[in-house]
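When you get a sec, could you build the whole thing from the sequences and use the hints?
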Amino acid sequence: EPEVTQTPSHQVTQMGQEVILRCVPISNHLYFYWYRQILGQKVEFLVSFYNNEISEKSEIFDDQFSVERPDGSNFTLKIRSTKLEDSAMYFCASNQQPNYGYTFGSGTRLTVV
Amino acid sequence: AQSVTQLGSHVSVSEGALVLLRCNYSSSVPPYLFWYVQYPNQGLQLLLKYTTGATLVKGINGFEAEFKKSETSFHLTKPSAHMSDAAEYFCAVSDQSSYKLIFGSGTRLLVRP
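Protein chains in written order, with the working numbering: chain A, 87 to 199; chain B, 7 to 119.
Misleading hints may appear alongside valid ones.
To be verified - Below, in silico cross-link-like pairs of lysine to aspartate or glutamate (DMTMM-like), each with a Cα-Cα straight-line distance of 25 Å or less:
#: 1; chain 1: A; residue 1: 128; chain 2: B; residue 2: 72
#: 2; chain 1: B; residue 1: 74; chain 2: B; residue 2: 94
#: 3; chain 1: A; residue 1: 143; chain 2: A; residue 2: 87
#: 4; chain 1: B; residue 1: 64; chain 2: A; residue 2: 87
Stated by the list, open to error - Computed Cβ-Cβ distance ranges for the label pairs, DEER-style:
#: 5; chain 1: A; residue 1: 157; chain 2: B; residue 2: 46; range: 31 to 41 Å
#: 6; chain 1: B; residue 1: 20; chain 2: A; residue 2: 159; range: 37 to 47 Å
#: 7; chain 1: A; residue 1: 102; chain 2: B; residue 2: 72; range: 42 to 52 Å
#: 8; chain 1: B; residue 1: 51; chain 2: A; residue 2: 136; range: 48 to 58 Å
I should point out that these hints are in silico values taken from the structure, not numbers from a laboratory.
Values in this document were obtained by computation on a predicted structure and should not be read as measured data.
Ideal placement from N, C-alpha and C gives every residue a C-beta, glycine not left out.
Given below as structure tokens:
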């Protein structure tokens, strides 16, 4: 069964550093998303991306965050200057159409120290 | 604004017993509803979804859920729990105008031998 692949599975970074989380969505999917889950809290929407532009973003997705689809397969989330409160599990997801049911990746656990 | 409430952060059942995980939503428009399961250290896997049509939805691993508009509920059930069902379960809602999912806070299902 097709999968959404995320790398790395774990990332530790120092506060203030830039991190890039990488995702390879399912090849024929058109819509891409990032969500995050702070330990013990809800899964929260960050951003959706379609046709090479952001479709929707949450209040969490401030100027420190950016997304990119640099080629035909990768979808990245960049955090420009990490803060302690950015520590969370970050999930990438994709689907063919909105509300079609997402396929989520296994996540990247980001720890900011 | 849409929201999801999952009653019970932890539910414990005996193996072979009925599983009932509760989900209530608020939405001003007909919602799309989803249940996801998260096994330890893994991503979110779609169990089932309701978009339109039949209100009783069958999913993977023997789970099903019924959309009850009058009760604004989408409870998840399984007739007979198996040890492998132990996981965290998330209810989520979206609408036709938004690409994003709004998640509940999750219910951790424990299955006793």
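These are the hints, each one checked on the structure:
Distance hint between residue 128 of chain A and residue 72 of chain B is fulfilled; the C-alpha atoms sit about 23 Å from each other, no more than 25 Å. Restraint check for residue 74 of chain B and residue 94 of chain B: satisfied, since their Cα atoms lie roughly 23 Å apart, inside the 25 Å limit. For the suggested pair residue 143 of chain A and residue 87 of chain A, the alpha carbons sit about 29 Å apart, so the restraint of at most 25 Å is broken. The suggested pairing of residue 64 of chain B with residue 87 of chain A holds, with an alpha-carbon distance near 20 Å, which does not exceed 25 Å.
The hinted range of 31 to 41 Å is satisfied by residue 157 of chain A and residue 46 of chain B, whose Cβ atoms lie roughly 33 Å apart. Between residue 20 of chain B and residue 159 of chain A, the C-beta spacing of about 46 Å keeps the proposed range 37 to 47 Å intact. Hint check: residue 102 of chain A to residue 72 of chain B, Cβ distance near 49 Å, so the stated range 42 to 52 Å holds. Taking 48 to 58 Å as the suggested C-beta distance range, the pair residue 51 of chain B and residue 136 of chain A does not conform, at roughly 23 Å.
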